[in-house]
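The listed protein sequences derive, respectively, from chains R, L and B. Residue numbering for the first sequence follows numbering that gives the first Met the number 0, beginning at 0 and increasing consecutively. Residue numbering for the second sequence follows numbering that gives the first Met the number 0, beginning at 0 and increasing consecutively. Residue numbering for the third sequence follows numbering that gives the first Met the number 0, beginning at 0 and increasing consecutively.
None of these hints come from the bench; they were simulated from the model. Hints are not guaranteed to be accurate.
To be verified - A few chain L residues that face chain B, going by a derived Cβ cut-off under 10 Å, partial list only:
{"hint": "1", "residue": "Thr9"}
{"hint": "2", "residue": "Val15"}
{"hint": "3", "residue": "Thr96"}
{"hint": "4", "residue": "Phe97"}
{"hint": "5", "residue": "Phe104"}
{"hint": "6", "residue": "Glu107"}
{"hint": "7", "residue": "Val116"}
{"hint": "8", "residue": "Ile119"}
{"hint": "9", "residue": "Ile212"}
{"hint": "10", "residue": "Gln215"}
{"hint": "11", "residue": "Phe272"}
{"hint": "12", "residue": "Thr275"}
{"hint": "13", "residue": "Leu278"}
{"hint": "14", "residue": "Ser279"}
As the list claims (entries may be wrong) - Listed below are the simulated DSSO-like cross-link pairs for lysine-lysine, each with C-alpha atoms no more than 30 Å apart in a straight line:
{"hint": "15", "chain 1": "R", "residue 1": "Lys209", "chain 2": "R", "residue 2": "Lys137"}
{"hint": "16", "chain 1": "R", "residue 1": "Lys172", "chain 2": "R", "residue 2": "Lys219"}
{"hint": "17", "chain 1": "R", "residue 1": "Lys145", "chain 2": "R", "residue 2": "Lys233"}
{"hint": "18", "chain 1": "R", "residue 1": "Lys42", "chain 2": "R", "residue 2": "Lys233"}
{"hint": "19", "chain 1": "L", "residue 1": "Lys287", "chain 2": "R", "residue 2": "Lys42"}
{"hint": "20", "chain 1": "R", "residue 1": "Lys273", "chain 2": "L", "residue 2": "Lys71"}
{"hint": "21", "chain 1": "L", "residue 1": "Lys71", "chain 2": "R", "residue 2": "Lys59"}
{"hint": "22", "chain 1": "R", "residue 1": "Lys59", "chain 2": "R", "residue 2": "Lys258"}
{"hint": "23", "chain 1": "R", "residue 1": "Lys136", "chain 2": "R", "residue 2": "Lys62"}
{"hint": "24", "chain 1": "R", "residue 1": "Lys219", "chain 2": "R", "residue 2": "Lys273"}
{"hint": "25", "chain 1": "B", "residue 1": "Lys153", "chain 2": "L", "residue 2": "Lys287"}
{"hint": "26", "chain 1": "L", "residue 1": "Lys287", "chain 2": "R", "residue 2": "Lys209"}
{"hint": "27", "chain 1": "R", "residue 1": "Lys42", "chain 2": "L", "residue 2": "Lys191"}
{"hint": "28", "chain 1": "B", "residue 1": "Lys153", "chain 2": "L", "residue 2": "Lys93"}
{"hint": "29", "chain 1": "R", "residue 1": "Lys259", "chain 2": "R", "residue 2": "Lys62"}
{"hint": "30", "chain 1": "R", "residue 1": "Lys117", "chain 2": "R", "residue 2": "Lys224"}
{"hint": "31", "chain 1": "R", "residue 1": "Lys259", "chain 2": "R", "residue 2": "Lys117"}
{"hint": "32", "chain 1": "R", "residue 1": "Lys273", "chain 2": "L", "residue 2": "Lys64"}
{"hint": "33", "chain 1": "R", "residue 1": "Lys62", "chain 2": "L", "residue 2": "Lys71"}
{"hint": "34", "chain 1": "R", "residue 1": "Lys62", "chain 2": "L", "residue 2": "Lys93"}
{"hint": "35", "chain 1": "R", "residue 1": "Lys59", "chain 2": "R", "residue 2": "Lys259"}
{"hint": "36", "chain 1": "L", "residue 1": "Lys64", "chain 2": "R", "residue 2": "Lys59"}
Here the structure is a predicted model, which is why all the values come from computation and not from measurement. The C-beta atom is built at its ideal place from N, Cα and C for all residues, glycine as well.
Here are the chains, one letter per residue:
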Amino acid sequence: MKKSAIFCILSLMLLIPISQASAGELGDQLAKESIVEKIQRDKVIRVGMSTFVPWAMKDKQGKLIGFEIDVARQLAEDMGVEVEFVPTAWSGIIPALMTGKFDVIIGGMGITPKRNLKVNFTMPYDYSGMSMVAHQKKAEGFSELKDFDNPDVHIAVRMGTTAEQAARKFFPKANLRLFENESQALQELNLGRVHAVVSSAPMPVFHALKYPDKLFVPLKENFTKEPIGFAIRKGDPDALNYFNNWIINMHASGFLKEKKAFWFESREWEALVK
Amino acid sequence: MLNKPASRWTLVDLAVISAVAAGVIFFFVRMTQVLEYQWEWQAIPGYFLFRDPETGHFSANMLLKGFGTTLKLSVWSMILGFILGTFSGIMGAKGGTFGRMFSRFYVETVRNIPSLVLVILFYYFVSSQFLDALGLDQWIRRLPDSAARGVAFFLAGAGQINAFVSAACALAIYEGAYISEIVRGGINGVSKGQWEAAWSMGLSQAQTFRLVILPQAFRRTAFPLAGQFISTIKDSAIVSVISVQELTFQGMELMAATFLTFEIWITITLLYFTLTFSLSRTISFFEKHMAIRQ
Amino acid sequence: MRHRQHLIAASVFTVVLVLTVVIGYRNLSYNWQWYRVAPYFFSFEQGQFMPGVLLQGVWVTLKISGISLILSLIIGTVSAFARLSPYLSLRGLAWCYVETIRNTPLLIQIFVMYFVISPVLDLSAFTSAVIALSLFEGAYSSEIIRSGIVNIPKGQWEASQSIGLPTSVIYLKVILPQMLRQTLPMLAGQSVSLIKDSALVSTISIYDLTMQGQKIVSETFLTFEIWFVVALCYLSMTATLSFIVRKIESRIRFVQ
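Next up, chain R with everything else stripped away, as it sits in the complex:
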């Protein structure tokens, strides 16, 4: 009895320092494995993105431009590293992040509960909402959300986006046509094969302005509002902290507001593209 008690105390005494050390080690290890550390070691941040006009697109010379591109470039500059963009099909971008094809998604990704089960999100650096552009002849007289919720109505969206989710939620009866690229969905609309395209503002409005005699914007306001954040792999508190504080700083300095005004409120950038 006595022996075992001594043994217990001894082993407890042994255990305490060990467990303390292991907690410290664990913290060290987490910090070492953080992507913030890895980015600094490799001197490069790998950013997963996909073409979304005007978030990210190619200009006349094939260089990447857009709101997200400016954000990612600024982030890289503040970290003192190079930036490397990894264009990825949108429907597979979360699996690609999870399997380590890049460090972070900066691609206008809406923070949704479903996505959040698989990846971590930073605090929002932007807010967007769903908007709609419709074909004048096909969707004549449509002015409300419920006009589109009809089995005869075809709506084109990009696969795997929050636009797809919103379309499913608001137009459960309508036929959804899913495309891998946004340009294909818009092409469908221009050709008059679908009634409308749902996508993040301000793209639908810009597109309607481009083809004023064919298209129109049926709803004057966005019908959803969603926060936009960076997505990173789970289990990396350091990166989350770093990116969050970077975003707070950028909100405070007015950088995000200025970029937003250039890409989303003006159309000056259109001259860069075509």
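Since the structure of chain R is provided, determine the placement of chains L and B on it from the hints.
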């Protein structure tokens, strides 16, 4: 066929040609009238080459770069696929029961799954397990500038390397299955008498294989293999789904920004056609030439 | 004796393969959630069988492949005869068709058909997918059928002509049966390719097996599970077809 082909033009020819012409005219009239499509062909050359406003030099733009990537990708997947296919083809022809089974398993699995599904599976599954562990991108980043540029020229830049290599491997596995069958057919096609003659001369089995059978088999397989290379170029369009920046992908990116859908699709089709058609003509020219000489 | 050796080798091979898969599966740092896959296949609601989206996708894939197979055989036969016809223009037309199709990627053909040609002719997505696939396979079938006709020995023609048969009868009663016997295995192989190639129509938003898989992945992120299941579905479809083809082939050889 007994009826000799005529070389004179007849009334039937006239009817066929006018029907085709009518169809083409109808198509373009509808295109301009119904769709009110405005052609903007003048924008296209700029997407091949553009003059850099800073340096004044001409440099390659998206379509030309994409075309280059398509070529690189096809060559690499053909090389890898050739190694894999030859290995599996020899096993299938002359390996033991085990080798034959391995070869059959590989060929049948790959030939019965769509290449699209194979590429996607490989990109997410295999490459995330093995390729990322290799750390190719980090290796390239540590290289000196000139070497890194060389790697980018022959393979891909650091940012693209993982997608490029997994696409090349996936295509190689896909084409390898077909090459395996070509090689197996080539080896089996060498007549038995050759083996017997070599043995009777006292060559060992390995020597026979290396000195007698393989050279003959390769002569038989050269043209089917060249044909397979053309297929590889065409099949490489599929890897645009995993965002390798080859011709099809670049074209789609360009359409997203410019909406010149018709012009760009037609240009891309013509590019693929010119490349594969000229290659296939060259191959069949040599094939005929060789056949005559033999 | 030889048979038993084969059996042993086959079982060793299978065991090694299964072991590799199991070990790879265990070592993977991936959270497998197979239990979430089954409802996408089928479910029972109040004892009633409900096909899931994947099964619906299989049906669409089979439907598209089936229709395209029939159309491609018609197109292939017509263009094969056009290439062998005495008229220059028909020969030229068929040659242009075959070369264009065989020298461009199918993916591009599908996109061009859907985004360039079909808006002008006002075709639906399904129709353009079927047309693109049948034109594609038709070009390859055309070459197979043509070689089938060309390879029929000249004596057959001479013999039938010497007994005074008209051309149409020669084709129908003499050439066609022989040609079928020669080309059927190759054409059957084409139909296996057709099922595989039909995966590409997912890019123009046809809800086939690949598209359904892609959709589920983009919603649930069950990347590996779904893609493995999709691959297995294709494998079983094509394997079944190959099996039937082999049966037909052996029967034809038996007749010969």
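Here is how each hint holds up against the structure:
Look at Thr9 of chain L: its Cβ gets to within about 6 Å of chain B, closer than 10 Å, so that hint holds up. With 10 Å as the threshold, the beta carbon of Val15 of chain L comes within range of chain B, its nearest partner Cβ sitting at about 4 Å, so the hint holds. Look at Thr96 of chain L: its Cβ gets to within about 4 Å of chain B, closer than 10 Å, so that hint holds up. Restraint check, Phe97 of chain L versus chain B: the minimum CB separation of about 6 Å is within 10 Å; hint holds.
With a cut of 10 Å, the hint placing Phe104 of chain L at the interface with chain B holds, because the nearest CB-to-CB distance is about 7 Å. Here the hint on Glu107 of chain L is kept, as its CB sits about 8 Å from the closest CB of chain B, short of 10 Å. Because the smallest distance between the Cβ of Val116 of chain L and any Cβ of chain B comes to about 5 Å, under 10 Å, the interface hint for this residue holds. For the restraint placing Ile119 of chain L at the interface with chain B, the shortest Cβ-Cβ distance is roughly 6 Å, inside the 10 Å limit, so the hint holds.
Interface restraint check: Ile212 of chain L against chain B, minimum CB-CB distance 24 Å, threshold 10 Å, status violated. For Gln215 of chain L, the suggested interface contact is broken, since its CB lies about 25 Å from the closest CB of chain B, more than 10 Å. Restraint check, Phe272 of chain L versus chain B: the minimum CB separation of about 5 Å is within 10 Å; hint holds. About 4 Å separates the beta-carbon of Thr275 of chain L from the nearest beta-carbon of chain B, less than 10 Å, and the hint is met.
With 10 Å as the threshold, the beta carbon of Leu278 of chain L comes within range of chain B, its nearest partner Cβ sitting at about 9 Å, so the hint holds. The interface hint given for Ser279 of chain L holds, since its Cβ lies 7 Å from the closest Cβ of chain B, which is under the 10 Å cut-off. Proposed proximity of Lys209 of chain R and Lys137 of chain R is supported: the alpha carbons are some 18 Å apart, at most 30 Å. Under the criterion of a C-alpha separation no larger than 30 Å, the hint pairing Lys172 of chain R with Lys219 of chain R is consistent with the structure, at around 22 Å.
For the suggested pair Lys145 of chain R and Lys233 of chain R, the alpha carbons sit about 39 Å apart, so the restraint of at most 30 Å is broken. Pair hint Lys42 of chain R plus Lys233 of chain R holds up; C-alpha atoms about 22 Å apart against a cutoff of 30 Å. Proximity of Lys287 of chain L to Lys42 of chain R is assessed by CA-CA distance (about 56 Å); at most 30 Å being required, the pair is judged violated. For the given pair, Lys273 of chain R sits about 29 Å from Lys71 of chain L by alpha-carbon distance, which is consistent with the 30 Å threshold.
For the suggested pair Lys71 of chain L and Lys59 of chain R, the alpha carbons sit about 24 Å apart, so the restraint of at most 30 Å is met. Simply put, Lys59 of chain R and Lys258 of chain R have alpha-carbon atoms about 20 Å apart, close enough for the 30 Å limit, and the pair holds. Taking the CA atoms of Lys136 of chain R and Lys62 of chain R, the gap is about 37 Å. The hint is violated against a cut of 30 Å. Under the criterion of a C-alpha separation no larger than 30 Å, the hint pairing Lys219 of chain R with Lys273 of chain R is consistent with the structure, at around 27 Å.
Between Lys153 of chain B and Lys287 of chain L the alpha-carbon distance is near 23 Å, which keeps this suggested pair within the 30 Å criterion. A C-alpha spacing of about 55 Å is found between Lys287 of chain L and Lys209 of chain R, which places the hinted pair above 30 Å, so the restraint is violated. Between Lys42 of chain R and Lys191 of chain L the alpha-carbon distance is near 61 Å, which puts this suggested pair outside the 30 Å criterion. For the hint pairing Lys153 of chain B with Lys93 of chain L, the CA-to-CA distance comes to about 38 Å; that exceeds 30 Å, so the pair is violated.
This hinted pair checks out: Lys259 of chain R and Lys62 of chain R have alpha carbons roughly 20 Å apart, not beyond 30 Å. With a CA separation close to 22 Å, the supplied pair Lys117 of chain R and Lys224 of chain R stays within the 30 Å bound. Our distance criterion of 30 Å between C-alpha atoms is met by Lys259 of chain R and Lys117 of chain R, whose separation comes to about 28 Å. Between Lys273 of chain R and Lys64 of chain L the CA atoms are separated by roughly 19 Å; this keeps the pair inside 30 Å, and the hint holds.
A C-alpha spacing of about 21 Å is found between Lys62 of chain R and Lys71 of chain L, which places the hinted pair at or below 30 Å, so the restraint holds. Among the hinted pairs, Lys62 of chain R with Lys93 of chain L is inconsistent with the structure: their alpha-carbon atoms are about 52 Å apart, more than 30 Å. About 21 Å separates the Cα atoms of Lys59 of chain R and Lys259 of chain R, which keeps this hinted pair within 30 Å; it holds. Proximity of Lys64 of chain L to Lys59 of chain R is assessed by CA-CA distance (about 14 Å); at most 30 Å being required, the pair is judged to hold.
Hint check: violations occur at hints 9, 10, 17, 19, 23, 26, 27, 28 and 34; the rest are consistent with the structure.
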